[in-house]
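K.L.:
Listed here are the chains, written in short residue letters.
There are 2 protein chains.
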Amino acid sequence: MKTTALIMAGGRGERFWPRSRKSSPKQFLSLTDSDRTMIQNTVDRIRKLVDIRDIFVATNQEYRSLVREQLPDLPEENILCEPMPKSTAPCIGWGAVTVRKRYGDAMMLVLPSDHLIMQQHLFRSVLKNAMQAAERTDALVTLGIAPSTPDTGYGYIQYDQERDTGLPNTFRVKRFVEKPNLETARQYLASGEYLWNSGMFIWKASAILREIENQLPEHYRCLTAIEAADGTPAAAEAVQKGFREMQAISIDYGVMERAEHVYVIPSSFGWDDVGSWLAVERMNPANDLGNVIKGDVVTVDSTRCIVQGDSRTIAMVGLEDMIIVDTKDALLVCAKDSAGKIKKVLEVLRAVNRTELL
Amino acid sequence: MKTTALIMAGGRGERFWPRSRKSSPKQFLSLTDSDRTMIQNTVDRIRKLVDIRDIFVATNQEYRSLVREQLPDLPEENILCEPMPKSTAPCIGWGAVTVRKRYGDAMMLVLPSDHLIMQQHLFRSVLKNAMQAAERTDALVTLGIAPSTPDTGYGYIQYDQERDTGLPNTFRVKRFVEKPNLETARQYLASGEYLWNSGMFIWKASAILREIENQLPEHYRCLTAIEAADGTPAAAEAVQKGFREMQAISIDYGVMERAEHVYVIPSSFGWDDVGSWLAVERMNPANDLGNVIKGDVVTVDSTRCIVQGDSRTIAMVGLEDMIIVDTKDALLVCAKDSAGKIKKVLEVLRAVNRTELL
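Residue numbers (this note's numbering), protein chains in the order written: chain U, 1 to 358; chain W, 1001 to 1358.
This is chain U alone, in the form it adopts within the complex:
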């Protein structure tokens, strides 16, 4: 069966301000020493499994030129620009009907464009495993990450380790749960029954469309209208209309939580969702003084800091657990334990109409 991929690249990446901006969010940046951006790495790591002509990128009009620039080999018609943000179910549905229209049916790898994966080889091996399961069973398959900490920033997947599915390393999902509080996260971790929800899915286009038809019939109606117009002069108008009509709903909440046949593959291929500046510390080696530094930095009595310099020299004196991010027009200085509040800066800038900094 043909293998396709749908790469989700519509995010705004606000938590990486000031390096990520509305005009150039996280997936189009490199946050490691790599010259390749996150979306380029995402494509690179599946090139051995999927032909570039069968890779689709879901994004929005604003990022079309960035996608073309960073993925010059990708056929332009494979860039799906959502007219407005409607969360993941409409976007994934559009990808699925596009695949159905073009290929009849095909395997789909649905992948975020802004995650880090350290062990590429292992990752591809897990994907192959997942594709076999999805092909043999018509099920929806998701990758669950073996948790290392009681992280409250992820959704969790409870799975059934007892019942044999007859498929290698593949388990039935009991339920999806939203981001827990710390106490609950600790229980999940201790129980050994939970995995982090990675947001990566593997299924046949026909399988996910069947579930959407069952659970989100209104969405399915809009999606078939988009499918019918695909390749005709009315295509753009149909997408516009379809997205206007579809309600915003996530694939997890709208489909996965209530779907019949959902499998999870417990995985550990060095995954990070790169959810905040703190991820930079996990992704890059610290120096002898415990700082993760990029750029021209002078350190005096400072430790456990994350610094992303730009063109200027940065001097740190007596700092601990700080994040410093410098850019041409904006500078962030943030305590590590306040990394979650960076979006408040954007709220302030929005309120005073400083759009050039967003």
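Some hints here could point you the wrong way.
Claimed, not checked - Calculated lysine-lysine pairs in the PhoX-like style (CA-CA distance at most 20 Å, straight line):
no., chain 1, residue 1, chain 2, residue 2
1, W, Lys1294, U, Lys328
2, U, Lys336, U, Lys294
3, W, Lys1174, W, Lys1002
4, U, Lys48, U, Lys101
5, U, Lys294, W, Lys1328
6, U, Lys179, U, Lys341
7, U, Lys241, U, Lys128
8, W, Lys1328, W, Lys1022
9, W, Lys1241, W, Lys1174
10, W, Lys1328, U, Lys328
11, W, Lys1179, W, Lys1022
12, U, Lys336, W, Lys1048
No wet-lab data here; the hints were simulated from the structure.
Position chain W relative to chain U; hints supplied.
P.N.:
Okay, now just chain W, sitting in the frame of chain U:
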């Protein structure tokens, strides 16, 4: 008797890096909302007592053009450029022989160029008081600041409150003491017998030269050679030779500590020696959130910070007691309690030959 002033403006101001640089130290900057720089304010506040033609500025060749630029009314021949740094005694001695050569004798106000004085009127009234004492007694008069905290950053002056000098508000100095440790500083403060050494002196040129002759005879010999050449084509060469020969020694250690007739006037005119970035907090009002901010700054959950912005927007998230100073080519992020370590940054930059940043 004619009144002259000698303004000491040779300092490097390293503790205000990165705003102060070797090429433009603290006395040539404004650290408040004032448009006037510190040296301009120093001159402004004595203009009612001293004619600009009788004000001398002691600095070095590197800062000559800054002095001319910032004090355009000052006669160029009143800029005394020390060929090399030799601490304060040689510099003050040079000022004194220059005054003697030009005026025979005159009152001298010796003032640092980089101190803050809040109550100008009171300051001038203290200076008048000091000039009367210096004129009537031929003594060396210094201004002592009534201490408000057991500060270990200042030298102290112990004075004799019992013995009547017959001069208003003027007391005999018992001894000068160097910067004490905290325990000693606390004892000084509790005793009520000590004042901070402000480094401001009032005396007749003849009086300080008499003391230099007695206590630093080799210096006096060099100074008279400089005096003899003053106004002749050999002047520059004589200054060069004299400074090469004179040992570096401070006026406090070399003269004041052992001088015969030294008086102090206890003063409180809102004085600050502006010794580090922490002074910016004392000199400028804090906003409602407890931050002292200059520039385009977005604050989220941050307090008690000192921020000096430049052209870029600065966002602070979750910070307490931090100093952030932004300039075109260098940024400082420093914990307040590490402000004394900023000079270590300069040591590092010097070691790696980054002279453009010094």
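K.L.:
Tell me, in ascending order, the numbers of any earlier hints that this structure violates.
P.N.:
Of the numbered hints, 3, 4, 7, 9, 11 and 12 do not hold.
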